[in-house]
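Residue-level listing of the chains:
There are 2 protein chains.
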Amino acid sequence: MSSSRPRQAAHANETREFIITTAERLFAEEGVTAVSNRQVSESAGQANNFAVGYHFGTKADLVLAIVRRHTPAIEQRRVEMLAAIAGSSDLRDWLGCLVRPLTDHLASLGSPSWYARFIAQATTEPAYRQIVIAETVISTSLQEIIEGVSRLMPVLPDDVRTERSDMSRQLIVHTCAERERALQEGTATPRATWEAAAVGLIDALVGLWRAPFTPTGETKHGRERPRK
Amino acid sequence: MSSSRPRQAAHANETREFIITTAERLFAEEGVTAVSNRQVSESAGQANNFAVGYHFGTKADLVLAIVRRHTPAIEQRRVEMLAAIAGSSDLRDWLGCLVRPLTDHLASLGSPSWYARFIAQATTEPAYRQIVIAETVISTSLQEIIEGVSRLMPVLPDDVRTERSDMSRQLIVHTCAERERALQEGTATPRATWEAAAVGLIDALVGLWRAPFTPTGETKHGRERPRK
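These protein sequence lines map, in sequence, to chains F and E. So for the first sequence, the UniProt record's numbering puts the first residue at 1; every next one is plus one. So for the second sequence, the UniProt record's numbering puts the first residue at 1; every next one is plus one.
Since the hints were made in silico from the structure, they are not lab data. Given the structure is predicted, the values throughout are model-derived calculations rather than measurements. There's no promise every hint is true.
Facing chain E, from chain F, some residues (calculated, C-beta under 7 Å) [to be verified]:
no. : residue
1   : A134
2   : E163
3   : R169
4   : A182
5   : L183
6   : G186
7   : G200
8   : V206
9   : G207
10  : L208
Idealized CB from N, CA, C, for every residue including glycine.
Input sequences plus hints: build the corresponding full structure.
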């Protein structure tokens, strides 16, 4: 009996990995709330409908396991890129550290990949949003980038910086998700490669961050261009 | 019998409207694919589980009915705004026509509204994406805006214009969806009002469209800053 334990452990590990792969695809296609643990177990070919519960606990634990399959590679790349641009006063360098760790990772997965769409889905669902954000957005290196970008844009009020950080995240996540979907479906994309898509995103984000801001106090008091 | 027909018709119309309202909320929260017609019928308090089928036909018809509840008001506002800026050479005017018809409409709905999240969900689901895009994006006034913006940015290659149009849509839809969700949940938003959120979006889009672009041909041939 005891000699079969390593084999059992290896088998359990394989099952676990296959459940993660299956769940990532289903969640990316249909949303995290929409897909039940039972559906994940069935799609992963598990005779036991409670396989997700057995191997992971709750669905939140499964979501966390999917995120943690990807974050180490992304985080490592971000730390390397940050080290390479230390002290830079070029906004483009900092925004490159925001975009490329994800686009490089997606490129490394090949097509079809599901991670961009999984992140797009999970971050729009109230029940799973915080789990994903806690694992991805609240990384030290990511905070370092946000601070680096903010330092280069001292003129922006705090609210506008928060707004543009949110917009940057939305633009990166949803542009990558749409590109990932188009690659799988074989429909047109404006850029031929993930590398070119990264360049396009960085260009756009440089403009977004450098854009002059309109104080909305002025708007409220009617100093903005009158609207029809 | 014949005197009850108008009442029956009025009742059928009320039921139809209530199904649309219910479906919009469910689709916004969970996604269009994830929610069955049966769930919509049940949540709308219909004893008959086939109420969606009876009143709408397919789910695609229901999705179309939701979109069509909102598009006339949005389209009318866009046409009015376009008439007011006719011939303008200020990029900000054109981008205002892109953002404000939606943000004004969302403001008019009060909170909780579901339309921004419904659009965010429906445009990320392959099966429903084309239906929604055909009803919203392919409006004459919207095409006029895209052309107006393109005319003001003659230096951009076609691919980059397509890319920035896509990015503009993503930024508007997902920023509005996130704001709508935050308003409902009572969590923090960077801007106090939809009007202020519109100003923030327009500022960011002006920057995004005016941003210099990096020819990716150069990137491929190594003329871009070397990456670590």
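How the hints compare with the structure:
1. A134: Since the shortest Cβ distance to chain E is 15 Å, the answer is violated.
2. E163: 4 Å, holds
3. R169: With a minimum Cβ separation of about 9 Å from chain E (threshold 7 Å), the hint on R169 of chain F is violated.
4. A182: This interface hint is violated because 10 Å lies over the 7 Å limit.
5. L183: Where the cut-off is 7 Å and the nearest Cβ of chain E is about 13 Å from L183 of chain F, the hint is violated.
6. G186: 12 Å, violated
7. G200: Since the shortest Cβ distance to chain E is 5 Å, the answer is holds.
8. V206: 5 Å, holds
9. G207: 3 Å, holds
10. L208: 5 Å, holds
Hints 1, 3, 4, 5 and 6 from the list above are not met by this structure, while the remaining hints are.
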